[in-house]
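Peer 1: Given chain A, put chains B and C in place with the hints provided.
Residue strings, one per chain:
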Amino acid sequence: MAPPRFTLAELAARLGGEAVGDCASPLEGVAPLAEAGPAHLAFLANPKYRGQLATTGAAAVIVGPKDRDATAKPRLVVPNPYAAYARAVALFHPAPPVVPGIDPRAAVDPSATVAPSAFVGPFAVVAAGATVGERASVGAGTFVGEGARVGEDTVLHPRVTIYAGCVVGARGIVHSGAVIGADGFGMAPDAGRWVKIPQVGRAVVGDDVEIGANTTIDRGALADTVIEDGCKLDNQIQVAHNCRIGAHTVIAGCAGIAGSTTIGRHCLIGGGAGIVGHIAIADGVTVSAMTLVTKSITQPGTYTSGGPLMAHADWLRNAAHLRHLDRLARLARALPPQGKTDGHDDD
Amino acid sequence: MAPPRFTLAELAARLGGEAVGDCASPLEGVAPLAEAGPAHLAFLANPKYRGQLATTGAAAVIVGPKDRDATAKPRLVVPNPYAAYARAVALFHPAPPVVPGIDPRAAVDPSATVAPSAFVGPFAVVAAGATVGERASVGAGTFVGEGARVGEDTVLHPRVTIYAGCVVGARGIVHSGAVIGADGFGMAPDAGRWVKIPQVGRAVVGDDVEIGANTTIDRGALADTVIEDGCKLDNQIQVAHNCRIGAHTVIAGCAGIAGSTTIGRHCLIGGGAGIVGHIAIADGVTVSAMTLVTKSITQPGTYTSGGPLMAHADWLRNAAHLRHLDRLARLARALPPQGKTDGHDDD
Amino acid sequence: MAPPRFTLAELAARLGGEAVGDCASPLEGVAPLAEAGPAHLAFLANPKYRGQLATTGAAAVIVGPKDRDATAKPRLVVPNPYAAYARAVALFHPAPPVVPGIDPRAAVDPSATVAPSAFVGPFAVVAAGATVGERASVGAGTFVGEGARVGEDTVLHPRVTIYAGCVVGARGIVHSGAVIGADGFGMAPDAGRWVKIPQVGRAVVGDDVEIGANTTIDRGALADTVIEDGCKLDNQIQVAHNCRIGAHTVIAGCAGIAGSTTIGRHCLIGGGAGIVGHIAIADGVTVSAMTLVTKSITQPGTYTSGGPLMAHADWLRNAAHLRHLDRLARLARALPPQGKTDGHDDD
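Residue numbers (our numbering), protein chains in the order written: chain A, 1 to 347; chain B, 348 to 694; chain C, 695 to 1041.
Bound-form chain A, shown alone (with noise of 0.2 Å):
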């Protein structure tokens, strides 16, 4: 089936903003400034492209207020070029429908509840009074726990497993190998041994939530760990029990949360960075790629740990004397104060 076209005044219509130009050439899709062809919607998002503007090969493109005049092509002028690329590619490649039905090779428990709008992949299975919403997707060999729930609308990609009474809002997106509600990692030494604490708490995921392929979430020691609504997780991140994630907060690949850490909204966690447990981090910050934050952060603003990247044998000269940082210090405290030097802070 060949993917559908829109005419510039067509993506205005259901984009919003000013079509400038041509607006009735078919385009077939989307492109970078730097790629796109005589059929193709390409966009000026990042100010660094620019220059492409002159030399794109697109037959109409997507800029902002202040580039309304900075070309000649077809355009579509919007306030968020890039809000409106990320909606012009859904146009041009819509997801597959959700088709309504429950799988024969699948094991839904008598005691579930599926939507009749919702889909049960091949080999998923829901367990006992499991509820899966309307128009939600189970893919194939995915495991819905018993109790668990999967909000309306929300599509869980094969292999992804929802352990016993774990929450799944609304219009999510839970990609395979993902594990929600694993048992936290909890145990108390007793004479040499570990004894197991049973995690008894949730997993309780918010709404237009996204978390990535083999992204770990544990379930809650006593009460819940709660990813808040709008939180958008990639793969391979583990968030510990009782972790509170806040809403539209963004966490990159890799990262790791420990346990009883809050983080609040609309922060940045960097690829690889590491969190301590028991915690808080404030609202609105960002953490550096594998940054690790051993305290808590109570401003705003871009925090960062490690050291910088050298050629090896730099390296190995360098961390000779990090391993004498304080014989270095003593030394130049010793000197007579000369030149401007900040105050003495240790911390």
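Hints may contain errors.
Examples of chain B residues lying across from chain A (beta carbon under 7 Å, computed) [unchecked claim]: (1) Ala437; (2) Gly488; (3) Gly600; (4) Leu669.
Taking beta-carbon pairs under 7 Å as the criterion, some of the chain C residues facing chain A (in silico) [claimed, not checked]: (5) Thr855; (6) Val873; (7) Ala882; (8) Ile891; (9) Val894; (10) Tyr997; (11) Ser999; (12) Asn1012; (13) His1015.
With a Cα cut of at most 27 Å, we get these calculated DSS-like pairs of lysine-lysine [claimed, not checked]: (14) A:Lys73 to A:Lys48; (15) C:Lys989 to C:Lys926; (16) C:Lys890 to A:Lys232; (17) A:Lys232 to C:Lys989; (18) A:Lys232 to A:Lys295; (19) B:Lys579 to A:Lys196; (20) A:Lys66 to C:Lys890; (21) A:Lys48 to A:Lys66.
Everything labelled a hint here was simulated from the structure, so no lab data went into it. Computed from a predicted structure; not experimentally measured. A virtual CB, placed ideally from N, CA and C, is assigned to each residue, including glycine.
Peer 2: Just chains B and C now, with coordinates in the frame of chain A:
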């Protein structure tokens, strides 16, 4: 089904310790001091929460000997309150019993041995020659490979993979997405290509081991990879081929251990830590979160690498100097000795 | 079934090289020098083990040309002993042959194409329009999405996910839990919410690629994510959308590569390393374990970031100064030049 209730007297009988005060009122569950309600059992395991003893709404409290008289509430006085709390939660939230039997939708090879008291879920596979012990549970969609062995009372949650020939001991718990016995990462360079080294050892997991969601433990190259008894592994941990993890060692989420490394008994490996290959770590070592261990550790203690968290602007300023520590050090050494300095012991 | 046996003469015929000494005795397997028994073939690939030549209990040894006369044992003299060892192990431990046929419990769409010589296991799914090549193996519970292609002689272990439209080339190995082609992590901010950017590119994996357990390779946003021929990826690696990994590059476990980054050919990326997005890494680059690469690398060589391992008490002392390197540097620069210093080249 309502959760069970216990009086303080019943708890003392099951958990040991001395019941003080009202021993006859039924308790309905366990909660932290700050959140406990009038039918809850709370616990004081961490001294920093002692102040909450005065304000908790709990009906009764688990305390240690020295807090015996720190509250007038009915209380269970035990030597190890945290372990008693763990066991109390297990009493109030008993694990659902394993329902014996092989689901008709499972694929169990005729040459496999599944104990009559074991459970095998829908779409699970138990391959030729594999054995599943008494009261073990093989979750939906879990794969137990040819000749693999699953010990008695072990729970494999849904969607676990045990490769051919591998072993999980008794009373284990393996969470969804864990992969035990995939090929170790071994290849030989040959004329600009890589020749795969077949991995013919096994992954052997001892008794009383818990393995978290999406954790991977590779099989050995020629010999076995071994996880000794009582180890607890969190989610998304990678254990490479031919490692040996000593008994009762705990590894937090996202840690990675490279090939042929041995870790001692009763170690604590922090979240996101990395341990290079072909080294040995002594018993009783603690490795901090996101620390890279680059050489063998022969003494117990805590070890750390990496830099402290900073506001990004500070980090940028410091990072530039970090590249030139060498010059700084030479400048400092060129000074006439003054002030107290420690010896020079670069290593 | 007993493993095959080979004489040194037979091994020379299959592996090449010169057989010296007793060529007629059957050998029963391969073992390291230190562990080899009287029927074992050992190998000397790493000079540091040369001393073990004198003490090994092996029946025969694989050695390089310059060790031809370093032992009196029967020996196979080859240019590349490590590669010969790899191939010898494959001879003694042949992979079980693929048994052609589609398990009756698999779900293969009528419009899919499965080669007659291929295997499809129980509870596997091969969706509409997908193709599975000659002698390929689709493991139990593995999902091959709509229109996806699996090349000839490729092994997909149990519980792999290949999303719609994605490609795995010939002679590949994909381990359990790997997810190829999940959505890349792309969204546009819009009035405090995130708008999903549909990911309509593919993930395309070349020939002779091995992908480890629970590794994730996202599909591209508009263009494709590409893993070139001969790459070897360990477990739990994250490759984000629109990356290109050059041929024969090796990536160790837990590494993460952010979006739109290109890595050259014959690179070695260390375990737990992180590589930020939108950069380029030259051919022949080695990145150390847990190093964060924050900018493009144009020259071959080894690159490292991060601090050295210390006893935690030392780390605490040093970390305090690390926050004040700036002051240290200014103090040092304020001194009259003395001693040899290198040029000032902050970057």
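Peer 1: Answer holds if the nearest beta-carbon of chain A is closer than 7 Å to that of Ala882 (chain C); otherwise answer violated.
Peer 2: holds, 4 Å
Peer 1: Quick one, is the Ile891 (chain C) hint okay against chain A at 7 Å, beta carbons?
Peer 2: holds, 4 Å
Peer 1: Can you confirm whether the C-alpha distance between Lys48 (chain A) and Lys66 (chain A) stays at or below 27 Å?
Peer 2: holds, 14 Å
Peer 1: Does Val894 (chain C) hold up as a contact with chain A if the rule is Cβ-Cβ below 7 Å?
Peer 2: holds, 5 Å
Peer 1: Take the shortest C-beta to C-beta distance between Tyr997 (chain C) and chain A; is it under 7 Å?
Peer 2: Holds, about 6 Å.
Peer 1: Is the straight-line distance between the alpha-carbon of Lys232 (chain A) and that of Lys295 (chain A) 27 Å or less?
Peer 2: With Cα atoms ~23 Å apart, Lys232 (chain A) and Lys295 (chain A) stay inside 27 Å; holds.
Peer 1: Grab the minimum C-beta distance from Leu669 (chain B) to chain A and call the hint holds if it beats 7 Å, violated otherwise.
Peer 2: holds, 6 Å
Peer 1: Are Ala437 (chain B) and chain A close enough, Cβ to Cβ, to be under 7 Å, as the hint says?
Peer 2: With a closest approach of 5 Å, the Ala437 (chain B) hint holds.
Peer 1: Decide if the proposed pair is consistent with the structure: Lys989 (chain C) and Lys926 (chain C), CA atoms, cutoff 27 Å inclusive.
Peer 2: Holds, because 23 Å separates the two Cα atoms, which is no more than 27 Å.
Peer 1: Has the given pair, Lys579 (chain B) with Lys196 (chain A), been kept, meaning a C-alpha gap of at most 27 Å?
Peer 2: Since the Cα atoms of Lys579 (chain B) and Lys196 (chain A) sit roughly 10 Å apart, the hinted pair holds (cutoff 27 Å).
Peer 1: Given the hinted pair Lys890 (chain C) and Lys232 (chain A), is their Cα-Cα distance within 27 Å?
Peer 2: Holds - the C-alpha atoms of Lys232 (chain A) and Lys890 (chain C) are around 10 Å apart, at most 27 Å.
Peer 1: With chain A as the partner, please determine if Gly600 (chain B) meets the hint condition of a C-beta pair closer than 7 Å.
Peer 2: holds, 4 Å
Violated hints: none; the structure is consistent with every hint.
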